[in-house]
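Participant: Next come the chains, spelled out residue by residue.
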Amino acid sequence: MKLSQLEVGETGIVKEFTDLEMSVKLMEMGCLPGEQITVSRIAPLGDPIAIHVSGYQLSLRKREASTIILH
Amino acid sequence: MKTDIKVALVGNPNTGKSTLFNALTGLNQKIGNFPGVTVDKKTGILELNDGRYAEVIDLPGTYSLYPKSRDESIVFSVLADKSNPLRPDLVVIILDASNLKRNLLLYTQVADLKIPVIVALNMMDLAKKSGITIDVNAFAQKLGVPVVPISARKMEGIDKLKEAISHANKIALQADTIDVEALAPQLIAQISDEMQVDNPYFALQLAHQHETLKFLSPAESDRIEELEHEHSFHSSKAQASETIARYSFINDLLYDTVHQKATAHEETLSNKIDKVLTHKTFGFIIFFAILLFIFQSIFAWSAYPMQLIADLFVWAEASLHKLLPPGPLTNLVADGILGGLSGVMVFIPQIAILFGFISILEDTGYMSRVTFMMDRIMRKVGLNGKSVVPLIGGFACAVPSIMATRNIENWKDRMITIMVTPLVTCSARLPVYTLLIALVVPNRNVWWIFNLQGLALTGMYIFSLISAVTVAFVMKQIIKARERGYFIMELPVYRMPRWKNVGHSMYERAKTFVLQAGKVIIAISVVLWVLKSYAPGDRFEHIDKKYEQPQYSGMNAEDKQLAISSEKLEDSYAGVLGHVIEPVIKPLGFDWKIGIALITSFVAREVFVGSMATIYSGNEEKIESVQQKMHDAKNPETGQPVFTVAVAFSLMMFYAFAMQCASTVAVVYRETKDWRWPATQFAYMTAMAYLASFITYHLLR
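If you read the protein sequences in the order shown, they are chains A and B. Under the working numbering, the letters of the first sequence match residues 1 to 71, in that order. Under the working numbering, the letters of the second sequence match residues 1001 to 1701, in that order.
No lab work stands behind these hints: they were computed from the structure. Hints are supplied without guarantee of correctness; some may be wrong.
[As the list claims (entries may be wrong)] Here are the simulated DSBU-like pairs of lysine-lysine, each with C-alpha atoms no more than 30 Å apart in a straight line: (1) LYS1006/B / LYS2/A; (2) LYS1629/B / LYS1545/B; (3) LYS2/A / LYS1129/B; (4) LYS1280/B / LYS1412/B; (5) LYS1280/B / LYS62/A; (6) LYS1546/B / LYS1412/B; (7) LYS1214/B / LYS1412/B; (8) LYS1519/B / LYS1673/B; (9) LYS1002/B / LYS1114/B; (10) LYS1114/B / LYS2/A; (11) LYS1237/B / LYS62/A; (12) LYS1511/B / LYS1002/B; (13) LYS1101/B / LYS15/A; (14) LYS1480/B / LYS62/A; (15) LYS2/A / LYS1272/B; (16) LYS1101/B / LYS62/A; (17) LYS1002/B / LYS1673/B; (18) LYS1101/B / LYS1006/B; (19) LYS1042/B / LYS1114/B; (20) LYS1042/B / LYS15/A; (21) LYS1162/B / LYS1082/B; (22) LYS1476/B / LYS62/A; (23) LYS1006/B / LYS1142/B; (24) LYS1261/B / LYS1142/B; (25) LYS62/A / LYS1412/B; (26) LYS1673/B / LYS1042/B; (27) LYS1041/B / LYS1214/B; (28) LYS1560/B / LYS1041/B; (29) LYS62/A / LYS1272/B; (30) LYS1101/B / LYS2/A; (31) LYS1560/B / LYS1545/B; (32) LYS1237/B / LYS2/A; (33) LYS1380/B / LYS62/A; (34) LYS62/A / LYS1275/B; (35) LYS1322/B / LYS1082/B; (36) LYS1214/B / LYS15/A; (37) LYS1154/B / LYS1129/B.
[To be verified] Chain B is faced by these chain A residues, among others (derived, beta-carbon under 7 Å): (38) GLY9; (39) THR11; (40) VAL24.
As the structure is a computational prediction, the values presented were derived from the model and not from experiment. Yeah, the Cβ is synthetic: ideal placement off N, Cα and C, and Gly gets one too.
Required output: the full structure, derived from the provided sequences and hints.
Facilitator: Below, the structure is given as structure tokens:
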């Protein structure tokens, strides 16, 4: 399951990434395998989304979220 | 001044780095340039407790030493390049205590470069509030570096930090973090050997970043590339395994030194605020209300201080004329230079007000929500959520708005925003449009309530927004970005703005504008002033003599003066230039007199009205008289009126597109630090202006 498929309020645990280059950036920002991610909101126009991860809030586009595979 | 040690501030974005920088250096700051990037180099002087002085440099906020943008690439090149004059003797790394895990990633990277480090642990109060207890002593011991808990906002712990800086070691004592060599053993060994590098992490960084590092020669960079192939080194893969290794080190460290109380996961205040501010309907309503408020204040409220500044300069010019003996030098100082200076100073209220607002929006965390909400629409046309503020600000004035684009992290988005912002109808175009519309559009209502003149003006405003968006879309396809566009962005917790920072940013921006863009603006205004105040040969004397003749003695003094200024402007160098460009602008419906107005209004668009007044011997104070004279103006060859509907709209189109603003050119140069950007912008806007005017003129003729 991809992060982009979660609804607001749903939670998942990061398993792996499909885009190596993007994964480096995501991990630097605290999105690591094993971390719990909660979708906190979706932008009014449907994209991007805001997620809650390791104690803070990140925003990313759906296309970027789709590179994160959850358990 | 000569300083004893150099200190660099390094940290993640939103950790209070700038607040700490201000706390350490006060108003003792200098803004300069890093070569090749758009971010400002902020340095300041800090007096240490033992009487020595430290030079503090505020490096751009970054999450990692691997840069995702050009601005971030500065951090590594300053820290690592031994020949860089900015290379610090000591790094103060600021960590957000409430978010240590992610913050420590950058720490471990910097620590492995083996530069002496001090940790400033900021936001301890926030950490405490969210149930985090940090054993500072154990933490410091594990890292092997001094750790100073501070609160930059409340100015707590700053003295302790100063003390730690003055006692800092000259050699790096920090404990190792990860086994760097294990990441690429042979490659690191060979680079270290061939390039005489003694630090394995520096060698590894060279492998990753050699393509963009300016301190490597092309030969060295090629050699590293060769070595990478030889050892089949994959940069992204190596970065990924390094990051994972670093986080595992960090987890161990935090396990022993930090305890998080398991609190019931209650909804935070920030989340509640977000529910309203990024709401489907209220979110946009609130955002547009804020935009409207900002627009109103830079459009309308700044008019009072601006008028005050302008009046002050008029008074100063008059006083100088009284004080100094009459002559060309007095004219140059009083009219040319002081006039130019007035043109610079008059921007200060708008810049200060806009930056006051922007700094509040940034400081509270609202700006990143704006980006979050607007991203989807804006990215379609190649802009960024944050481009909205400069674009709307452009309706008041492009100068502060272009300065405001520096909040846009993505280089390409920022350049496009800078390129299109001057297309938006700024307040300087308003007098031009009102004059021309009043001249040719009948003042009557259609469909009862819509005034035709009002409709024409509204049309110009909407048209400008459409053209800005269209050009942005075209530029999105043309401009090549070297960096990949990410949108992964932190949404910081809402906080109260720090008023001191707000005031600071207003002051700094105004000062930078006056000092850096001011020179160009004054230079251009002086040139234009000379063009319209001097004539080849003794033409001006002839005019003066002509009006001394008896047949003019019946004229009243005011009319005579207006007639003299009119003839002088027509005979001046600007007039000569007007004749020179006439063949070029004739296809647009303009004669050489309009040419004079085009040339003189390059200093600022509203000058067009004043030039028209002078040319047609009208009094600028009585705009109706100018309109009447322009209305009556006839083409001497054809006997037809000069200002037909076609000519007036062609002129408006010209002003809608042309870069008729010396200050914008200067500020674009200052923000892009490369003459090619303002030159390209000037060229494309002039070309579009010409084309639009040409089409308009021939359609309406």
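Participant: For every hint, state whether the structure bears it out.
Facilitator: Now for the hints, and whether the structure bears them out:
Between LYS1006/B and LYS2/A the CA atoms are separated by roughly 47 Å; this puts the pair beyond 30 Å, and the hint is violated. In summary, the hint linking LYS1629/B to LYS1545/B is supported, as the alpha carbons are separated by about 25 Å, within the 30 Å threshold. Note on LYS2/A and LYS1129/B: the hinted pairing is violated, with a Cα-Cα distance of about 34 Å set against a maximum of 30 Å. For the hint pairing LYS1280/B with LYS1412/B, the CA-to-CA distance comes to about 28 Å; that is within 30 Å, so the pair holds.
Annotation: proposed proximity of LYS1280/B to LYS62/A holds, straight-line Cα distance about 18 Å (limit 30 Å). Proximity of LYS1546/B to LYS1412/B is assessed by CA-CA distance (about 59 Å); at most 30 Å being required, the pair is judged violated. As the CA atoms of LYS1214/B and LYS1412/B are separated by approximately 21 Å, the hinted pair is consistent with the 30 Å bound. Note on LYS1519/B and LYS1673/B: the hinted pairing holds, with a Cα-Cα distance of about 15 Å set against a maximum of 30 Å.
A distance of roughly 25 Å separates the Cα atoms of LYS1002/B and LYS1114/B; the hinted pair therefore holds under the 30 Å criterion. For the suggested pair LYS1114/B and LYS2/A, the alpha carbons sit about 40 Å apart, so the restraint of at most 30 Å is broken. Between LYS1237/B and LYS62/A the CA atoms are separated by roughly 24 Å; this keeps the pair inside 30 Å, and the hint holds. Proposed proximity of LYS1511/B and LYS1002/B is supported: the alpha carbons are some 24 Å apart, at most 30 Å.
The suggested pairing of LYS1101/B with LYS15/A holds, with an alpha-carbon distance near 19 Å, which does not exceed 30 Å. With a CA separation close to 23 Å, the supplied pair LYS1480/B and LYS62/A stays within the 30 Å bound. At most 30 Å may separate the alpha-carbon atoms for a hinted pair to count; LYS2/A and LYS1272/B meet this at roughly 27 Å. For the suggested pair LYS1101/B and LYS62/A, the alpha carbons sit about 25 Å apart, so the restraint of at most 30 Å is met.
Between the alpha carbons of LYS1002/B and LYS1673/B the distance comes to roughly 27 Å, so the proposed pair stays at or under 30 Å and holds. Simply put, LYS1101/B and LYS1006/B have alpha-carbon atoms about 28 Å apart, close enough for the 30 Å limit, and the pair holds. Distance restraint check for LYS1042/B and LYS1114/B: the Cα-Cα separation of roughly 24 Å lies within the 30 Å cut-off, and the hinted pair is therefore satisfied. For the hint linking LYS1042/B to LYS15/A, the alpha-carbon distance of about 41 Å lies beyond 30 Å, and the restraint is violated.
A threshold of 30 Å between alpha carbons decides the hint, and for LYS1162/B with LYS1082/B the separation of about 25 Å falls inside it, so the pair holds. Under the criterion of a C-alpha separation no larger than 30 Å, the hint pairing LYS1476/B with LYS62/A is consistent with the structure, at around 21 Å. Restraint check: the Cα-Cα separation between LYS1006/B and LYS1142/B comes to about 26 Å, which is no more than 30 Å; the hinted pair holds. Of the pairs offered as hints, the one joining LYS1261/B and LYS1142/B holds, with about 22 Å between alpha carbons and a cut-off of 30 Å not exceeded.
Of the pairs offered as hints, the one joining LYS62/A and LYS1412/B holds, with about 21 Å between alpha carbons and a cut-off of 30 Å not exceeded. Distance hint between LYS1673/B and LYS1042/B is fulfilled; the C-alpha atoms sit about 16 Å from each other, no more than 30 Å. Straight-line distance between C-alpha atoms of LYS1041/B and LYS1214/B comes to about 17 Å, which keeps the hinted pair within the 30 Å bound. Between LYS1560/B and LYS1041/B the CA atoms are separated by roughly 55 Å; this puts the pair beyond 30 Å, and the hint is violated.
Taken as a hint, the LYS62/A and LYS1272/B pair is honoured in the structure, with Cα atoms around 23 Å apart against an allowance of 30 Å. Using a Cα cut-off of 30 Å, the hinted pair LYS1101/B and LYS2/A holds, with the two alpha carbons roughly 25 Å apart. For a cut-off of 30 Å, the pair hint linking LYS1560/B to LYS1545/B stands: about 12 Å separates their Cα positions. For the given pair, LYS1237/B sits about 22 Å from LYS2/A by alpha-carbon distance, which is consistent with the 30 Å threshold.
For a cut-off of 30 Å, the pair hint linking LYS1380/B to LYS62/A stands: about 15 Å separates their Cα positions. Pair hint LYS62/A plus LYS1275/B holds up; C-alpha atoms about 20 Å apart against a cutoff of 30 Å. Taken as a hint, the LYS1322/B and LYS1082/B pair is broken in the structure, with Cα atoms around 58 Å apart against an allowance of 30 Å. As the CA atoms of LYS1214/B and LYS15/A are separated by approximately 38 Å, the hinted pair breaks the 30 Å bound.
Pair hint LYS1154/B plus LYS1129/B holds up; C-alpha atoms about 16 Å apart against a cutoff of 30 Å. With a least beta-carbon distance of about 12 Å to chain B, the hint placing GLY9/A at the interface is violated under the 7 Å criterion. Evaluation of the THR11/A hint against chain B yields a violated restraint, the C-beta minimum of about 11 Å exceeding 7 Å. Hint status for VAL24/A: holds, given a least beta-carbon distance of 5 Å to chain B, under 7 Å.
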